[in-house]
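2 protein chains.
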Amino acid sequence: MRILITGGGGFLGQKLAKALVARGQVRGRAITAMELVDMVRPAPVDADFPVLAHTYDISKAKAVHDSFVHKPDLVWHLAAVVSGAAEADMDLGYRVNLNGTHNIFEGARSAGNCPVVVYASSWAAHGGEEPEIVEDGIELNPQTSYGTQKVIGELLLNDYSRRGLIDGRGLRLPTVSIRPGKANLAASSFMSSIFRDTMEGRKSNCPVPKDFPVWHSAPRTVVGNLIHAAEVPGEEFGTNRNINLPGRTDTIGEMIDAMTAVFGSDAADRITWDADPVIEKIVKGWRAHCKPGKGERLGFRADKSFADTVQWFLKDDINR
Amino acid sequence: MRILITGGGGFLGQKLAKALVARGQVRGRAITAMELVDMVRPAPVDADFPVLAHTYDISKAKAVHDSFVHKPDLVWHLAAVVSGAAEADMDLGYRVNLNGTHNIFEGARSAGNCPVVVYASSWAAHGGEEPEIVEDGIELNPQTSYGTQKVIGELLLNDYSRRGLIDGRGLRLPTVSIRPGKANLAASSFMSSIFRDTMEGRKSNCPVPKDFPVWHSAPRTVVGNLIHAAEVPGEEFGTNRNINLPGRTDTIGEMIDAMTAVFGSDAADRITWDADPVIEKIVKGWRAHCKPGKGERLGFRADKSFADTVQWFLKDDINR
Chain A
1465 MRILITGGGG
1475 FLGQKLAKAL
1485 VARGQVRGRA
1495 ITAMELVDMV
1505 RPAPVDADFP
1515 VLAHTYDISK
1525 AKAVHDSFVH
1535 KPDLVWHLAA
1545 VVSGAAEADM
1555 DLGYRVNLNG
1565 THNIFEGARS
1575 AGNCPVVVYA
1585 SSWAAHGGEE
1595 PEIVEDGIEL
1605 NPQTSYGTQK
1615 VIGELLLNDY
1625 SRRGLIDGRG
1635 LRLPTVSIRP
1645 GKANLAASSF
1655 MSSIFRDTME
1665 GRKSNCPVPK
1675 DFPVWHSAPR
1685 TVVGNLIHAA
1695 EVPGEEFGTN
1705 RNINLPGRTD
1715 TIGEMIDAMT
1725 AVFGSDAADR
1735 ITWDADPVIE
1745 KIVKGWRAHC
1755 KPGKGERLGF
1765 RADKSFADTV
1775 QWFLKDDINR
Chain B
1465 MRILITGGGG
1475 FLGQKLAKAL
1485 VARGQVRGRA
1495 ITAMELVDMV
1505 RPAPVDADFP
1515 VLAHTYDISK
1525 AKAVHDSFVH
1535 KPDLVWHLAA
1545 VVSGAAEADM
1555 DLGYRVNLNG
1565 THNIFEGARS
1575 AGNCPVVVYA
1585 SSWAAHGGEE
1595 PEIVEDGIEL
1605 NPQTSYGTQK
1615 VIGELLLNDY
1625 SRRGLIDGRG
1635 LRLPTVSIRP
1645 GKANLAASSF
1655 MSSIFRDTME
1665 GRKSNCPVPK
1675 DFPVWHSAPR
1685 TVVGNLIHAA
1695 EVPGEEFGTN
1705 RNINLPGRTD
1715 TIGEMIDAMT
1725 AVFGSDAADR
1735 ITWDADPVIE
1745 KIVKGWRAHC
1755 KPGKGERLGF
1765 RADKSFADTV
1775 QWFLKDDINR
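The listed protein sequences derive, respectively, from chains A and B. To convert, note that position 169 of the first sequence is 1633 in this note's numbering; the numbers rise steadily by one, no gaps. To convert, note that position 309 of the second sequence is 1773 in this note's numbering; the numbers rise steadily by one, no gaps.
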């Protein structure tokens, strides 16, 4: 099994790469090589098989095409310009998230071996005229350019799968919290930093009120689901290869209480509460509740509590 | 009011141009100029204002950009590679229907005057895991590359409208029957030719059985709806600017009976009934029933009978 991970330098890509190395196999076959692709050189990952790190922009068709000369059997396409950045720089978002994703699927098509492609779509797919509780089968009405681009990727994934060019599986990831590393331009960035930064001793601002509900999932659970997506037989997805990934709804206040129960109260004391209308407008456009029927039937998982998330963060990301 | 019509050489573009000339105004303001764009030079249209015909490929960003230097107030974007052709030549379909549509919206963005853009989406948007009776708000699951590309255009239309770059309105056109002119590579082409060709004295093949139901609309009604789309205030569409256009469901047999009632029985006798699995697979993937709630509320219209369609065809298209 040859593996290609776009966004392989990001926190999810790195966690996924390490989880795959720990497993050693996918779909019952040993992993023989892994290629991590990102805009900046992905950190090295130790493994018993070769792990290559490549630096290129997926919006460059030629560079993508060259990656697929090696005919990867499994592709995780995680690379994207995040929501806030795609909203601020419209051209950049379309170039990477639309053209770049199209390039990835074209690369897979050119390889000719119909690879399994797991695509990270996003909860930002939902919004606008959709009902408050998202169920399967409702018309997607994203309210950001990022969400729009992610849904376009879903449609491409379906069409390329229907044509037998890829064996695609698209997952609408809930807000991934708690993310390690630094804050980024994702509108959801604060949903990690108010926990991560404060537990690490820094102040962090929450731009929405305590009663703001969030549909979220822990990195460990998301990585498990990304791997599970490759394991499920493609035909079980049906003609729509894209699903709402299970997650859980908690308010910011409930998440802070869970952090306090695990970590103590000093972290929560470092949260400031200055409203940010730009962030609030974006995240209020997202839905906070979901009944992910198809995702659950296909065996995808949700967290049992945010306290687990806090404990996993302390163990996985800051070695406490 | 300056008007730009892409696909202005096609049968719908030509009918739309003539209907606009006959009205002389849109949105309460006189039409001052019209530009018809197509791959082959659009036929001239007589008018009291200048009507320019331009020949270019909308997949060429520079050519599209140059068209928008004149800052059209109203754009009807009808140009597309039709369903059968987009299925047979995947690259062509994506280049014109995805990149070309993106170019049109980018052209409108570059003009900077937020033009009204009426976009011809398609009934081919629907299929796959959708319910048999299409209602508003169901997740689109197109089963052709053409349908996929049309839905991607819808998403772009919404995002460009949300950003205030265009004032978009997308209409999912039912199968347009009876189309004048020659058969084309649209999978739905037979749904016109079995009436048009046989009334004009030629044989024509129906590749599906008589009990096959069709969601359809007459050209005259579609043109009226394309103009109405420009008249409706943009905000009445809500955050999803794309609607299912009203239409009606008849079986092929019911449509033939209506033709016979209006025209006599000799036309129907010229229909042959050889199955075509390729066409049948595509059109069976489309839905035949719809409850277009939002479209009806916004004042869009459906035909009262297919007999009307036959009479309009005889009057409008073959001057009988």
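Be aware that a few hints might be false.
Stated by the list, open to error - Under the rule of at most 30 Å between Cα atoms (straight-line distance), these lysine-lysine pairs were calculated in the DSS-like manner:
| hint | chain 1 | residue 1 | chain 2 | residue 2 |
| --- | --- | --- | --- | --- |
| 1 | B | Lys1526 | A | Lys1755 |
| 2 | A | Lys1524 | B | Lys1526 |
| 3 | B | Lys1768 | B | Lys1667 |
| 4 | B | Lys1758 | A | Lys1758 |
Claimed, not checked - Ranges between beta-carbon positions, derived for each pair:
| hint | chain 1 | residue 1 | chain 2 | residue 2 | range |
| --- | --- | --- | --- | --- | --- |
| 5 | B | Arg1765 | A | His1534 | 51 to 61 Å |
| 6 | B | Ala1494 | A | Leu1556 | 53 to 63 Å |
| 7 | B | Thr1715 | A | Ala1483 | 46 to 56 Å |
| 8 | B | Ala1527 | A | Asp1740 | 53 to 63 Å |
| 9 | A | Gly1728 | B | Asp1555 | 56 to 66 Å |
| 10 | B | Ala1647 | A | Gly1688 | 45 to 55 Å |
| 11 | B | Gly1628 | A | Lys1646 | 29 to 39 Å |
| 12 | B | Leu1556 | A | His1534 | 23 to 33 Å |
| 13 | B | Glu1596 | A | Gly1688 | 34 to 44 Å |
| 14 | A | Leu1556 | B | Ala1527 | 20 to 30 Å |
| 15 | B | Pro1508 | A | Val1504 | 48 to 58 Å |
Note that these hints are calculated values from the structure, not bench results. Heads up, the beta-carbon is just placed ideally off N, CA and C, and yes, glycines get one too.
Is it true that Pro1508 (chain B) and Val1504 (chain A) lie within 48 to 58 Å of each other by Cβ?
-> At roughly 56 Å between Cβ atoms, Val1504 (chain A) and Pro1508 (chain B) fall inside 48 to 58 Å, so the hint holds.
Whether the CB-CB distance between Gly1728 (chain A) and Asp1555 (chain B) falls inside 56 to 66 Å = holds (59 Å)
With 53 to 63 Å as the target window, see if Ala1494 (chain B) and Leu1556 (chain A) comply at their CB atoms.
-> violated (41 Å)
At the C-beta level, are Thr1715 (chain B) and Ala1483 (chain A) separated by a distance inside 46 to 56 Å?
-> holds (54 Å)
Does the Cβ pair Ala1647 (chain B), Gly1688 (chain A) satisfy 45 to 55 Å?
-> Given range 45 to 55 Å: holds, Cβ gap about 53 Å.
Check the following: the C-beta atoms of Gly1628 (chain B) and Lys1646 (chain A) are separated by a distance inside 29 to 39 Å.
-> For Lys1646 (chain A) against Gly1628 (chain B), whose Cβ atoms are near 32 Å apart, the range 29 to 39 Å holds.
Take a look at whether the Cβ-Cβ distance between Ala1527 (chain B) and Asp1740 (chain A) falls inside 53 to 63 Å.
-> Given range 53 to 63 Å: violated, Cβ gap about 42 Å.
Evaluate the given range 34 to 44 Å for the C-beta pair formed by Glu1596 (chain B) and Gly1688 (chain A).
-> holds (36 Å)
30 Å Cα cutoff - pair Lys1526 (chain B), Lys1755 (chain A) = It is violated: about 45 Å lies between the C-alpha atoms, which goes past 30 Å.
Could one say that the CB atoms of Leu1556 (chain A) and Ala1527 (chain B) fall in the range 20 to 30 Å?
-> Check passed, 24 Å falls within 20 to 30 Å.
Indicate whether the distance between the beta carbons of Leu1556 (chain B) and His1534 (chain A) respects the range 23 to 33 Å.
-> holds (28 Å)
For the pair supplied as a hint, Lys1768 (chain B) and Lys1667 (chain B), is the alpha-carbon distance within the 30 Å limit?
-> Status holds; Cα separation ~28 Å.
When each numbered hint is compared with the structure, violations occur for hints 1, 6, 8.
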